[in-house]
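Listed in order, the protein sequences are those of chains F, L and X.
Reading the first sequence from the start, the letters are residues 3 to 338 in this note's numbering.
Reading the second sequence from the start, the letters are residues 0 to 362 in this note's numbering.
Reading the third sequence from the start, the letters are residues 77 to 377 in this note's numbering.
Each hint should be verified, as a subset may be incorrect.
Claimed, not checked - Chain F regions said to be covered by chain X (calculated; three or more residues, Cβ under 8 Å): (1) 68-78; (2) 105-118; (3) 126-133; (4) 138-149; (5) 269-279.
To be verified - Some chain X residues judged to face chain F by a derived CB distance under 8 Å, without partners named: (6) Leu123; (7) Phe124; (8) Ala312.
If you are wondering where the hints come from, they were derived from the structure by calculation, not from laboratory data.
Built from N, CA and C at the ideal position, the CB exists for glycine as well.
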Amino acid sequence: MKVWFYILRRMVSLVFVMGGVLIIIFVMGHVIPANPLHFFIGQESDEAYVAQVRAELHLDDPIWKQFGFYVSDLLHGDLGMSWSTRNPVAADLAIRLPATFELITVSLIVCVLLAFPLGVVAAVKRDTWIDHSARVTSLLGVALPSFWLGLLLIYVFFYRLRILPPPMGRMSIGTNIRQVTGFYLIDTLLAGDLDAFGNVVRFMVLPVTALSFAKMGQLTRLVRSTMIETLGSTYIEAARAQGLRKWLIHYRLALKNAVLPPITQIGLIWGNLIGGAVIVEIVFAWPGAGSWAVDAALAGDYAPIQAFAIIMAAARVIIFLITDILYLFIDPRIRY
Amino acid sequence: MTLSVGHEAQRVCGTDPEDVLLSLEDLHVVFETYFGVARALSGIDLRLQTRKITGLVGETGCGKSVTAKAILGLIPPPGRIVSGRIIFEGTDLLRLSPATMGSIRGNRIAMIFQNPRAALNPLFTVNDQIYFLLRRHQGLSRREARKRGIELLHAVKIADPERRINNYPFELSTGMCQRVMIAMSLACQPRFLIADEPTTGLDVTIQAQILELFAELVYDFGSTALVITHDLGVVAETCDFTAVMYTGQIVEFGTTEDVFQHTTHPYTVGLLASCLIGEEGEKLRYIRGSVPDLTQLPEGCTFRQRCDAAHEGCSENRPPVVDLGNGHIARCCIPPSSQTEDSGRDAVRRPPLLRAENEERMR
Amino acid sequence: MQKTPGEAGISMPWIAKQWKKLRSTSRYAFFLMRRNPLSLVGGGIVLFLVLLAIIGPFFTPYPPAKSDITSKSLPPSSTHWMGTDNLGMDIFSRVVHAARTDLLIALIGVCGAVAIGTSFGLVSAFYGRWVDEVMMRVLDSLQAFPTIILAMTIAAVLGPSTRNVVIVLVVVNFPLYARLIRSLVLSLKESQYIDAARVVGCGDARLMFRHILPNCVGPIYVQGSLNIGWSVLMAATLSFIGLGTQPPAPEWGVMIKQGARFMILGRWWMAFFPGLFIFLFVLASNLLGDGLQDVLDPKRR
Numbered sequence: 003m004k005v006w007f008y009i010l011r012r013m014v015s016l017v018f019v020m021g022g023v024l025i026i027i028f029v030m031g032h033v034i035p036a037n038p039l040h041f042f043i044g045q046e047s048d049e050a051y052v053a054q055v056r057a058e059l060h061l062d063d064p065i066w067k068q069f070g071f072y073v074s075d076l077l078h079g080d081l082g083m084s085w086s087t088r089n090p091v092a093a094d095l096a097i098r099l100p101a102t103f104e105l106i107t108v109s110l111i112v113c114v115l116l117a118f119p120l121g122v123v124a125a126v127k128r129d130t131w132i133d134h135s136a137r138v139t140s141l142l143g144v145a146l147p148s149f150w151l152g153l154l155l156i157y158v159f160f161y162r163l164r165i166l167p168p169p170m171g172r173m174s175i176g177t178n179i180r181q182v183t184g185f186y187l188i189d190t191l192l193a194g195d196l197d198a199f200g201n202v203v204r205f206m207v208l209p210v211t212a213l214s215f216a217k218m219g220q221l222t223r224l225v226r227s228t229m230i231e232t233l234g235s236t237y238i239e240a241a242r243a244q245g246l247r248k249w250l251i252h253y254r255l256a257l258k259n260a261v262l263p264p265i266t267q268i269g270l271i272w273g274n275l276i277g278g279a280v281i282v283e284i285v286f287a288w289p290g291a292g293s294w295a296v297d298a299a300l301a302g303d304y305a306p307i308q309a310f311a312i313i314m315a316a317a318r319v320i321i322f323l324i325t326d327i328l329y330l331f332i333d334p335r336i337r338y
Numbered sequence: 000m001t002l003s004v005g006h007e008a009q010r011v012c013g014t015d016p017e018d019v020l021l022s023l024e025d026l027h028v029v030f031e032t033y034f035g036v037a038r039a040l041s042g043i044d045l046r047l048q049t050r051k052i053t054g055l056v057g058e059t060g061c062g063k064s065v066t067a068k069a070i071l072g073l074i075p076p077p078g079r080i081v082s083g084r085i086i087f088e089g090t091d092l093l094r095l096s097p098a099t100m101g102s103i104r105g106n107r108i109a110m111i112f113q114n115p116r117a118a119l120n121p122l123f124t125v126n127d128q129i130y131f132l133l134r135r136h137q138g139l140s141r142r143e144a145r146k147r148g149i150e151l152l153h154a155v156k157i158a159d160p161e162r163r164i165n166n167y168p169f170e171l172s173t174g175m176c177q178r179v180m181i182a183m184s185l186a187c188q189p190r191f192l193i194a195d196e197p198t199t200g201l202d203v204t205i206q207a208q209i210l211e212l213f214a215e216l217v218y219d220f221g222s223t224a225l226v227i228t229h230d231l232g233v234v235a236e237t238c239d240f241t242a243v244m245y246t247g248q249i250v251e252f253g254t255t256e257d258v259f260q261h262t263t264h265p266y267t268v269g270l271l272a273s274c275l276i277g278e279e280g281e282k283l284r285y286i287r288g289s290v291p292d293l294t295q296l297p298e299g300c301t302f303r304q305r306c307d308a309a310h311e312g313c314s315e316n317r318p319p320v321v322d323l324g325n326g327h328i329a330r331c332c333i334p335p336s337s338q339t340e341d342s343g344r345d346a347v348r349r350p351p352l353l354r355a356e357n358e359e360r361m362r
Numbered sequence: 077m078q079k080t081p082g083e084a085g086i087s088m089p090w091i092a093k094q095w096k097k098l099r100s101t102s103r104y105a106f107f108l109m110r111r112n113p114l115s116l117v118g119g120g121i122v123l124f125l126v127l128l129a130i131i132g133p134f135f136t137p138y139p140p141a142k143s144d145i146t147s148k149s150l151p152p153s154s155t156h157w158m159g160t161d162n163l164g165m166d167i168f169s170r171v172v173h174a175a176r177t178d179l180l181i182a183l184i185g186v187c188g189a190v191a192i193g194t195s196f197g198l199v200s201a202f203y204g205r206w207v208d209e210v211m212m213r214v215l216d217s218l219q220a221f222p223t224i225i226l227a228m229t230i231a232a233v234l235g236p237s238t239r240n241v242v243i244v245l246v247v248v249n250f251p252l253y254a255r256l257i258r259s260l261v262l263s264l265k266e267s268q269y270i271d272a273a274r275v276v277g278c279g280d281a282r283l284m285f286r287h288i289l290p291n292c293v294g295p296i297y298v299q300g301s302l303n304i305g306w307s308v309l310m311a312a313t314l315s316f317i318g319l320g321t322q323p324p325a326p327e328w329g330v331m332i333k334q335g336a337r338f339m340i341l342g343r344w345w346m347a348f349f350p351g352l353f354i355f356l357f358v359l360a361s362n363l364l365g366d367g368l369q370d371v372l373d374p375k376r377r
């Protein structure tokens with residue numbers, strides 16, 4: 003019973019947070035600028051068009067009414083028009099979002115698959131070369147600017163070694179992929195096109211490395227410290243006093259306890275990867291929502307940024323909620 | 000009347016060497032920290048008689064837990080055993096390989112931990128934890144281990160063991176956790192059992208039950224036990240022998256009766272006095288001063304700065320072991336000139352003394 | 077560690093006591109830092125970069141914005157230690173000048189964030205219940221955005237400029253300090269010596285400034301030192317995207333942006349050196365912050 007109350011409470015607070023998010027975005031786009039119209043019409047000087055946009059934005063109405071229209075538009079899926087691409091924002095987003103999500107998700111998987119074993123082994127074999135190199139790598143990783151790392155990777159692997167493709171998007175020009183989910187890794191497999199799959203993978207290597215490296219360092223550190231703490235706990239000592247074998251103690255008894263806290267971090271990391279993805283997309287000319295939003299921002303086109311920010315904030319908050327709820331079910335203690 | 004350690008001390012501690020299951024001989028354990036080298040055990044000598052319960056008493060920080068861990072070979076770095084021997088059934092445990100030691104732990108020597116809830120893995124059921132133990136030492140299958148587990152839970156008087164065995168530790172009360180701990184420690188029928196503060200952290204009402212259960216099981220299984228505690232009441236209730244520890248050394252040892260009735264060492268005297276309930280209007284008694292820093296232990300007797308009977312001789316050498324008869328010993332350098340007859344209780348206010356009858360034996 | 081309630085203002089004995097406290101704290105801090113030599117390395121690098129930022133620009137071999145077409149796109153050499161960019165500007169000089177730009181931006185940004193965050197947190201914690209709830213919801217909503225996206229949005233609205241980068245830094249960072257101060261104040265509020273102060277007649281403002289704030293200084297330092305590195309990174313990131321400092325102003329992010337497109341042509345030095353400095357600074361401030369954290373909370377290892 004307690005569990006359901008908790009979930010309910012969290013959902014309510016989610017509504018409030020999203021409400022705040024909407025207010026913040028609205029204030030930034032419609033209240034702060036001296037002339038918000040500019041953000042939504044760009045270079046247009048056609049009187050009729052300007053008047054039309056004015057009416058659409060209800061700029062002659064009081065602020066709170068504008069906000070009302072804005073929220074109701076959002077709830078109806080109307081995210082406005084992007085004057086720089088001349089498309090509805092929602093349409094542009096639908097095309098660009100999958101690329102971003104694919105990048106983020108693959109990076110997260112790589113991050114987790116590498117960080118957990120590394121952190122656990124570093125803790126078990128503390129103060130050996132494995133431990134030291136893990137710690138050094140994570141320390142460096144956290145400080146490394148992702149765009150700098152991306153550029154260096156391009157220089158080494160593309161320019162010098164010529165083993166990986168240039169930073170020009172998700173696949174070679176001329177490759178045809180039947181789009182089903184928008185996730186090229188899945189789509190190519192669905193179509194049975196292994197060449198295209200390999201091609202997509204090759205284009206993904208560097209961006210994913212650049213994106214996941216920093217977070218991997220963070221996660222490794224966390225896993226390592228949680229594992230060290232667990233290894234020092236009384237029940238592990240008791241297990242040793244019972245003469246149980248080392249691998250059982252480390253990789254079963256301790257591990258189960260140690261991985262729980264970092265798992266909660268995974269949701270957090272996904273949320274942080276969203277931000278990092280924007281930069282990586284720019285460096286690698288990845289056709290995702292991040293680079294699209296930045297292009298719009300540079301042009302002074304506000305509608306795309308507005309939509310992008312809201313969607314990403316929502317995604318982040320929802321992922322956090324899901325992670326929290328999942329944790330409730332994983333830890334048997336809280337279940338009761 | 001100075002006695003050297005080793006063979007001599009063995010003779011002193013009462014009876015036949017064959018009756019001693021485990022003995023610690025001049026064990027030194029240090030912890031190397033940034034603030035200096037802390038001497039946790041400075042030459043501890045202890046002999047544990049077979050099939051008897053010995054209590055190890057002392058204040059927090061005197062080295063009781065370190066002793067237990069040393070026996071099991073679980074001293075964590077930065078601690079290390081510098082010198083000494085631990086003879087268990089004729090073998091020096093310190094010479095054994097880690098693999099052999101691993102098969103002894105939990106099997107022939109077992110330990111019960113202080114905080115029972117913390118000592119059980121929160122994410123595994125009681126069944127799982129017993130299974131791991133039994134599989135390791137006896138190669139039992141899941142089914143056999145479960146059957147044996149239910150028997151064990153029954154032996155420690157846990158109601159409805161078939162259901163309880165599937166519980167997680169958080170579903171059990173603290174008292175039940177301690178019973179489970181006891182059950183697991185006896186699972187392989189160890190020859191030697193160490194109980195580190197088995198009743199601390201339990202309700203007073205449960206304490207009595209657990210103690211009784213513990214003593215009963217130890218006798219039933221024919222094991223030898225070492226009970227580590229700071230609670231003199233526990234020792235008085237359950238232990239056949241009592242060893243008093245201070246800054247890593249045994250300062251007094253003997254049968255519980257001897258140590259409590261014919262208290263000799265000033266420290267023990269002070270400990271007992273601080274437990275006594277006085278009369279109305281009397282001040283509470285305590286031992287003045289505090290335990291010295293283990294990185295800077297004083298020369299000679301480590302207790303002399305707090306001792307009312309200290310004299311210059313106390314600061315020169317480590318005090319010798321004095322035989323008081325019947326296996327009762329104390330590590331103290333009382334000059335023979337200050338001996339008078341007295342009963343243990345009154346020794347509180349006066350310098351500690353040797354009993355006249357023992358004095359005769361020594362001459 | 078705190079002065080007793082009712083003690084009259086600043087006087088000589090008080091100054092003497094503060095000085096003694098400072099000396100013994102620093103000595104203790106150094107002792108603990110020696111145990112963790114990495115943090116000293118971090119501190120050293122930070123110091124070096126700060127000095128570089130302050131004095132460096134006076135000694136650069138070339139003016140930072142001097143474009144010399146004849147020497148464009150040269151790799152590192154003895155005349156141009158870090159090479160030149162595509163407009164012929166010496167990269168080394170620009171990097172040094174950029175140090176000043178970036179560190180200044182980050183410093184002002186963090187200080188602003190600390191000031192605003194502290195006030196926010198104090199008010200929120202002190203006036204409790206309803207005020208607190210609303211203020212915390214505001215922070216929740218602000219922090220719901222992925223940081224870079226929030227930064228981008230603000231920069232897009234205000235327009236790309238160095239000044240606006242500072243504003244972005246303030247807005248993005250102040251929630252950290254607000255929450256930090258709030259939790260510190262909340263826990264201190266319950267402590268008994270605050271009750272004692274009230275009994276003696278301390279007013280709210282006096283209570284806040286004299287008794288609670290001094291306890292918060294330590295954690296602010298730790299958070300601040302970790303934050304400054306990150307803020308440099310954020311400022312550079314914004315400039316790299318194009319929403320921050322604009323070229324040809326010397327700033328590490330701007331330089332990387334200009335050098336980025338030449339990476340695939342093999343002219344690595346243009347983007348490498350500015351990025352290296354960002355990396356060093358962030359690394360150093362992390363090490364320093366970790367070291368400071370050990371000083372304040374030795375339980376961590």
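A quick look at each hint next to the structure:
Check on the stretch 68-78 of chain F: 0 of its residues sit with their Cβ under 8 Å from a Cβ of chain X, so the three-residue criterion for coverage is violated. Counting residues of the stretch 105-118 of chain F whose beta carbon lies closer than 8 Å to any beta carbon of chain X gives 0, which falls short of the minimum of three for the stated coverage. With a threshold of 8 Å between beta carbons, the proposed coverage of the stretch 126-133 of chain F by chain X is violated, since 0 of its residues qualify and at least three are required. A stretch counts as covered by a chain when three or more of its residues have a beta carbon under 8 Å from one of that chain; for the stretch 138-149 of chain F and chain X the count is 7, and the coverage holds.
Closer than 8 Å: that is the beta-carbon criterion, and the stretch 269-279 of chain F has 5 residues meeting it against chain X, so the requirement of 3 holds. Of the supplied interface hints, the one on leucine 123(X) is violated, with its beta-carbon coming no nearer than about 17 Å to a beta-carbon of chain F, more than 8 Å. For phenylalanine 124(X), the shortest C-beta to C-beta distance to chain F is roughly 16 Å, which exceeds 8 Å, and the interface hint is violated. For alanine 312(X), the interface hint holds, since its Cβ comes within 8 Å of a Cβ in chain F; the closest pair sits about 7 Å apart.
In the structure shown, a violation is registered for the earlier hints numbered 1, 2, 3, 6, 7, in ascending order.
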